[in-house]
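Novice: Below are the chains, spelled out letter by letter.
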Amino acid sequence: MINRKIAPEIKDATAFDITLKPYEKVTLDNGIPVYIIKSDEQDTLQLELVFPGGSWYETENLVASATNFLMKNGSSKHSALEINENIDYYGAYLNRSSHHEYATYTLHCLTKHFEALVPVLQEVIQDPSFPEEELAIFRQNMKQRLAVNLQKCDFVANRHIDKYLFGEFHPYGRVSSMDAYDALQAPILQAFYKQHYTYNNCKIFVAGNLPANLIQLLNKAFGQEKWNGDASIIRPDMPVLAAEEKKFRIFNDENGVQGAVRVARPFPNRYHPDFPKMLVLNTILGGYFGSRLMSNIREEKGYTYGIHSQLYNFRQTSAINIQTEAGRDVCEATIEEIYKELRTLQQEIVPEEELHLVRNFMIGSILGDLDGAFEVIQRWKNLILNGLDENYFYNNIKVIKTITAEELQELAKEYFTPEDFYELVVI
Amino acid sequence: MIHYNKFTLANGLRVIVHEDHTTPMAVVNVMYDVGARDEDASKTGFAHLFEHLMFGGSINIPEYDEPLQMAGGENNAFTTSDLTNYYIQLPAENIETAFWLESDRMLSLAFSEKSLDVQRKVVSEEFKEHYINKPYGDVWHKMRDLAYAVHPYKWMTIGKELSHIENARLEDVKAFFFKYYVPSNAILVVGGHVTTAQVKMLAEKWFGDIPSGQRTQRNLPVEPPQTAAHKLEVKANVPLDALYKCYHMPGRTAKEYYATDLISDIMGGGASSRLNQVLVKEKKLFSNIDCYHFGTLDAGLLTIEGKLVKGVKMKDAEKAIQEEIDKIQQTIIPERELQKVKNRVESMLAFEDMGLLNRANNLAFYELIGDAAMMNEEFSHYEAVTSEEMHREAQHLFDEKNSNTIYYYAG
Chain E
6 MINRKIAPEI
16 KDATAFDITL
26 KPYEKVTLDN
36 GIPVYIIKSD
46 EQDTLQLELV
56 FPGGSWYETE
66 NLVASATNFL
76 MKNGSSKHSA
86 LEINENIDYY
96 GAYLNRSSHH
106 EYATYTLHCL
116 TKHFEALVPV
126 LQEVIQDPSF
136 PEEELAIFRQ
146 NMKQRLAVNL
156 QKCDFVANRH
166 IDKYLFGEFH
176 PYGRVSSMDA
186 YDALQAPILQ
196 AFYKQHYTYN
206 NCKIFVAGNL
216 PANLIQLLNK
226 AFGQEKWNGD
236 ASIIRPDMPV
246 LAAEEKKFRI
256 FNDENGVQGA
266 VRVARPFPNR
276 YHPDFPKMLV
286 LNTILGGYFG
296 SRLMSNIREE
306 KGYTYGIHSQ
316 LYNFRQTSAI
326 NIQTEAGRDV
336 CEATIEEIYK
346 ELRTLQQEIV
356 PEEELHLVRN
366 FMIGSILGDL
376 DGAFEVIQRW
386 KNLILNGLDE
396 NYFYNNIKVI
406 KTITAEELQE
416 LAKEYFTPED
426 FYELVVI
Chain B
252 MIHYNKFTLA
262 NGLRVIVHED
272 HTTPMAVVNV
282 MYDVGARDED
292 ASKTGFAHLF
302 EHLMFGGSIN
312 IPEYDEPLQM
322 AGGENNAFTT
332 SDLTNYYIQL
342 PAENIETAFW
352 LESDRMLSLA
362 FSEKSLDVQR
372 KVVSEEFKEH
382 YINKPYGDVW
392 HKMRDLAYAV
402 HPYKWMTIGK
412 ELSHIENARL
422 EDVKAFFFKY
432 YVPSNAILVV
442 GGHVTTAQVK
452 MLAEKWFGDI
462 PSGQRTQRNL
472 PVEPPQTAAH
482 KLEVKANVPL
492 DALYKCYHMP
502 GRTAKEYYAT
512 DLISDIMGGG
522 ASSRLNQVLV
532 KEKKLFSNID
542 CYHFGTLDAG
552 LLTIEGKLVK
562 GVKMKDAEKA
572 IQEEIDKIQQ
582 TIIPERELQK
592 VKNRVESMLA
602 FEDMGLLNRA
612 NNLAFYELIG
622 DAAMMNEEFS
632 HYEAVTSEEM
642 HREAQHLFDE
652 KNSNTIYYYA
662 G
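Top to bottom, those sequences are chains E and B. Numbering-wise (the numbering used here), the first sequence opens with residue 6 and increments by one. Numbering-wise (the numbering used here), the second sequence opens with residue 252 and increments by one.
One chain only, chain B, in its complex shape (with noise of 0.2 angstroms):
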């Protein structure tokens, strides 16, 4: 059970406070309710680009970084699909520290045609480490082009292309910001060795006079029903032979999403999975194999992807797996694999919940998609799954005309 007070400044800022005295540590972490999800398609990987802007001054204080560092704290950040999230850690005696640099940077960030032109190149630099210097480092792009049609889910959260951020302007910045970055589409979660007293104090002191905005208004395009399978065939400079195969799913706060999470901890989650089991340990088809899902707020894709082992076709790995499915769809799940998987999330949220860290970004995930008071309730969601449930709910999932398949040969 996490205990938490929550206020709303008269500007529409929320607050959330946890107090937990037993660390002398302080967090702070804002939430912005803007993800990659909210880009224009011809300008993709802006709201990531724009998380690393954030770092390059505010209107009144040029140095972010310096002055968090001086009070012993240390923070970063981290953009999805969804949202994005700014935190910070500090000694809870200088935690006024963190409401100063917060707020500036939320009243108006500096514009400075010299951070933008470091950060494009710093970002295209992350774009080249992580997905094209690395063996299978472009699947998700083609996974996400060949699974949705029209949903911006489309395109991945560093962007398109690299030309979408090196073309950034800084008044696609400017635009940015002040349609998003604004108190009325915001969550501050304050956590560790505070009070809900001084927090509001501070709250108001340091974030009460910034004008309010607009809370983001979405008509995003919704994603048609898949009528067929989608196939993609790769060849490419990798050394092994790997299989990708997505199915669309519920999102976040669909009532179907519990069902669904525990199907795919059914299939891969942990060494006695079924994937895991039959696939990689009986069959030996698989050198590995896993089965996931990002949880994003619209709806996702749950994803089965392995390495082959050298020598077997690829025909056969992918009647291995639709077996794996079949028996999922045509068999009830036995009580004890049920009670297993559920006593996988319960020892899981619990261990998330250690790090008062974390413990304040899931009360601002919570706030964000509806209430934080949903938190504690998330396990019980899960623990209310029957088999029945997710047997039907592998009906429709496992569709084989809900399915995308990458093919993904060594060239």
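Isolated chain E, as found in the complex (with noise of 0.2 angstroms):
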């Protein structure tokens, strides 16, 4: 008979070698930089072309966003319908997205279908007509979305913890509205999309099963014209205004049955030394299921369905975030909970069995995470996104490895304490 209470014996964290990976760079006739990570087991490829027009460049609420997603709805040779057929006919997906500092277009297909949509894509990228129709629907259908959000909890709560942390008037800080929809005009989204989608600004990331002419096709569609001109982009930091008060209490629904929790500081950004190790409290305080959090909060308390704390990725500043929906008549004590927690980690030593525990589920979280060519490219995206190399993705797992439980204290009682806080009840 096998003795079940004994746990099989473990190769621990420590001893297992984390390699990322190297891409192969092309560079089109043009310029634009092509980073490649090959992988031949699928037959699929992901393709993703980043520009530098996030929220953070527009001078206007929502153009950014707008113009991205309007971009794919109508070129100067097809409409919105017939562009869209073209790529569920090969079945594939073109997405696009915005934040604060890049904008993308991801294609994802087939490789067999490669070849045929790389003229979409070129039309898409080079040739937007912005249509006033495709604006009008735009433009209604996203402020009845946020008429619905609008009554969610969570997503309020979320708005206002932003704007408490960065300020309204800072990219990071500012939100949606019904007027700023409203305002969006196409011939601004055309200006903006010109001064921003250039070939000059243009990184392209390509990963999966590649056809041996995926860099012919490329020059083709996007290495040969310096397509919208050149045009030098400055990213001065912006000035942060945080609220002065730190507790805010919101009636949203007089019926709510739960309430949105938020608990949040500011935090300095990735480039300071303290980042990687607050990765690691983070994960200890509220970054995974055995968490600090999630064992108090929802496994002794019962209080929730999941607490979490984040670190946010933001480039000039960062701010962590515990955040969690709480039974409504639980909401203040699981505030008084998660002060008691953050308490606990600057008075106590992190048990080092417990930070053995940390060290292990974060680099097996490392090694599943980087499995796969998409998921590769995508570390090297942020990577080469932010102006950094695999050196600092190397020196994080050596943080994770390394890191002491008395360093972990000292880091806790500099950013823990709870009078720094900001903290939002949303009902």
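Read the hints as simulated data drawn from the structure, not as lab findings. A quick note: this is a predicted structure, and the numbers were derived from the prediction, not measured. Some clues are possibly wrong.
Listed next, the in silico DSSO-like pairs over lysine-lysine satisfying Cα-Cα at most 30 angstroms (straight line) [to be verified]:
id : chain 1 : residue 1 : chain 2 : residue 2
1  : E       : K117      : E       : K82
2  : B       : K294      : B       : K405
3  : E       : K157      : B       : K566
4  : B       : K593      : E       : K117
If the Cβ cut is set under 8 angstroms, some of the chain B residues that face chain E in the computed set are [what the hints assert, rightly or not]:
id : residue
5  : A322
6  : Q340
7  : E347
8  : E376
9  : E380
10 : I383
11 : M452
12 : K456
13 : F602
Listing some non-contacts, in silico: residues in chain B with all C-beta distances to chain E over 12 angstroms [claimed, not checked]:
id : residue
14 : N256
15 : P403
16 : K451
17 : S515
18 : Y543
19 : D567
All C-beta atoms in this analysis are idealised placements derived from N, C-alpha and C, irrespective of residue type, glycine included.
Hints in hand, dock the two standalone chains.
Specialist: Here is the structure:
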């Protein structure tokens, strides 16, 4: 009979040798860099075009995200329907996204259809026409979506907490509004497009099973002309105007049975030496299922379905944000428990057993996250766009493997003082 | 083509091994043939509550999560109307930890009163978060009740009402466990950087001595054909009017399933689908509209749901949907459009198969519904669908008598 009370031997995290597979880099004829991770195991590929077209650069609210969205909705040659028909016909997905810094277009398709899809992609990136009718539909539908979201306590809480942390005029704290949607105008979108989606600001990231003529196809579509001309993008830091008041309570729905709780504070950006250390401390606090917050507030008290803390990955400056939806009558008790956990990390050293577990969990998690070409290119993209290289990645791993309980306590003493946190409940 | 090996232990546990040596990881997936459809109508939400209790410690291991995290692993689980699935991902070197944990909780849980007490509260908060405290969150409770007369799909996986969860007792938990959580009612899939010989050895070692139990014998009430349209009006504190139409459709293993699935894609799959193009873009009646189904094992529901543009009348919105339904019933789908939805399925299946966890989960699912080999035949069933077949299916699928409509008014 086996003894089921004894756990099988495990290999320890520190023994795992994690390597970030290097990329290949090719430069198109006009200078656009193409970063490549090849993998022949599947019949699929992913190609992402990245531009400095995020909300950081807009002078009017929502212009960056509206531009990004509507580029796909009509060109000088084809209607939105024709473009969508073409993409759907090949079973491809052309997703767009726009964040604070960057705006992207990402194509996912079967490798065998890539060649047929390149002209569509080229048209969307180089020849959007921003039809008035598409803008009108976008404006109306986004306003309707916003109206529904504004009834959700978690959505409202997310908007407010970022406003407290960064100020409503900072790109990180600015939020959408009905008025801002109403104010959108096609010529402004067109101008924003021309200025930010230029050949000299474009980077391409591609991964998966790649056709032999990939570079030839990319050169033909994106590498010949100086499309949209040269534009120099200046990115000055912007002043953060954090709220002076620290405690907020908002009633959004009088019949709400839960409250969205947010407890957050500013934190330096990823270039600060405390950042990788905080990734570890944040995991202990609320970054995995066995975290202090989950163990206490979900698994011990049953106040919530889930509670998490996260470290924002914004470029200029970051924040630690603890978030949960808790029963209406236990929101205040939840905040008390959050503070209790923060204080415990300041006052008591993290037991060796727990630190050992978190190291192993984090390393196992990175190992799993790096599984597959799409995941590897994603890591590289984040490094490259932030002006970093593999040393940053390896340093983070080193910190996970070697940080001491004493260092963690020092970090908690500096950053986990409850009075430094903003707190918010939206019911 | 997904390669795998399959064997069955003497106690009836079915084991599938999917070797993939391109990854340093391994996954262990355990699927139990029990879901919300197996619940008593007066004790709904139980299969899902039970899933939570599976993390509350087992007979020999007081903590489930800790040893797994120590081994660099992550795990989660989900419950549907049809099945309950548990999965682990961890570095392949530490795979035995997963066998140890999964086998012990199949052998027996700890049945702690404290765990039940806490998880009742956690699930109540989950219920509130997703179904009470969200605009339109109650619509599926209402729709299932409207559409089903006798079949247990009448209630949602989370449960019919909060009180069912609040009233769960430890003796119910024990009875449920020993009835369903047995080797003969489970499928184990191990994937990643492992060998079949290694998995055979580990499966025998850890699962081999667990008593077999009984395979689930179902005798679920069969939903009779619907003979008259069902309609329900709801008024709630939401900003926009919404319209929901559900039609009874064939179950997952029916031959007609594939044609029906393609019909849902013609209607609502992708930006160029008919409902999106005509009702959102051209007629501007809806701000969004979708057509989908859940692929349930027993006969399910094909759903069309959308939010109306402010100022649009409900009857105009419904009429416009009906015109698209008339069109698909009266006119044969053009060849290129049929090819489009088939290409979309081919692509979707390829992307789904990229993740190791997805492959393991799918192998377990196909084994549950008949045979893991079906996973590799799936696309050929779609390829074989003809326009004529879809035309035929659309006739009875979209029959007015087969419809269930909820008019959800902003109040």
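Novice: Now look at each hint and say whether the structure bears it out.
Specialist: Hints and how they fare:
Simply put, K117(E) and K82(E) have alpha-carbon atoms about 25 angstroms apart, close enough for the 30 angstroms limit, and the pair holds. About 13 angstroms separates the Cα atoms of K294(B) and K405(B), which keeps this hinted pair within 30 angstroms; it holds. Distance check on the hinted pair: K157(E) and K566(B) sit about 28 angstroms apart at the alpha-carbon level, within 30 angstroms; holds. Pair hint K593(B) plus K117(E) holds up; C-alpha atoms about 15 angstroms apart against a cutoff of 30 angstroms.
The beta carbon of A322(B) is positioned within 8 angstroms of a beta carbon in chain E (closest approach about 5 angstroms), and the interface hint is therefore held. Given the 8 angstroms rule on beta carbons, the hint for Q340(B) holds: about 5 angstroms separates it from the nearest Cβ of chain E. For E347(B), the interface hint holds, since its Cβ comes within 8 angstroms of a Cβ in chain E; the closest pair sits about 4 angstroms apart. The closest approach between the C-beta of E376(B) and any C-beta of chain E is roughly 5 angstroms, which is under the 8 angstroms cut-off, so the hint is satisfied.
With a least beta-carbon distance of about 5 angstroms to chain E, the hint placing E380(B) at the interface is held under the 8 angstroms criterion. Satisfaction of the interface hint for I383(B) is found here, the shortest Cβ-Cβ separation to chain E being roughly 5 angstroms, below the 8 angstroms cut-off. At about 12 angstroms, the closest approach between the beta carbon of M452(B) and any beta carbon in chain E exceeds 8 angstroms, and the interface hint on this residue is violated. Taken as an interface hint, K456(B) checks out: its beta carbon lies about 6 angstroms from the nearest beta carbon of chain E, inside 8 angstroms.
Interface hint status for F602(B): upheld, as the beta-carbon distance to the closest one in chain E is roughly 6 angstroms, under 8 angstroms. Interface exclusion of N256(B) from chain E stands, the closest Cβ pair being 19 angstroms apart, more than 12 angstroms. No Cβ of chain E approaches the Cβ of P403(B) within 12 angstroms, the least distance being about 24 angstroms, so the stated non-interface status holds. Distance check for K451(B) against chain E: the nearest CB is about 16 angstroms away, which clears 12 angstroms, and the non-interface claim stands.
No Cβ of chain E comes within 12 angstroms of the Cβ of S515(B); the nearest lies about 14 angstroms off, and the non-interface call holds. Its beta-carbon lying about 16 angstroms from the closest one in chain E, Y543(B) satisfies the requirement of being farther than 12 angstroms from that chain. Even its closest Cβ contact with chain E, about 16 angstroms, leaves D567(B) beyond 12 angstroms, as expected for a residue assigned away from the interface.
The structure fails hint 11 only (numbered hints given earlier).
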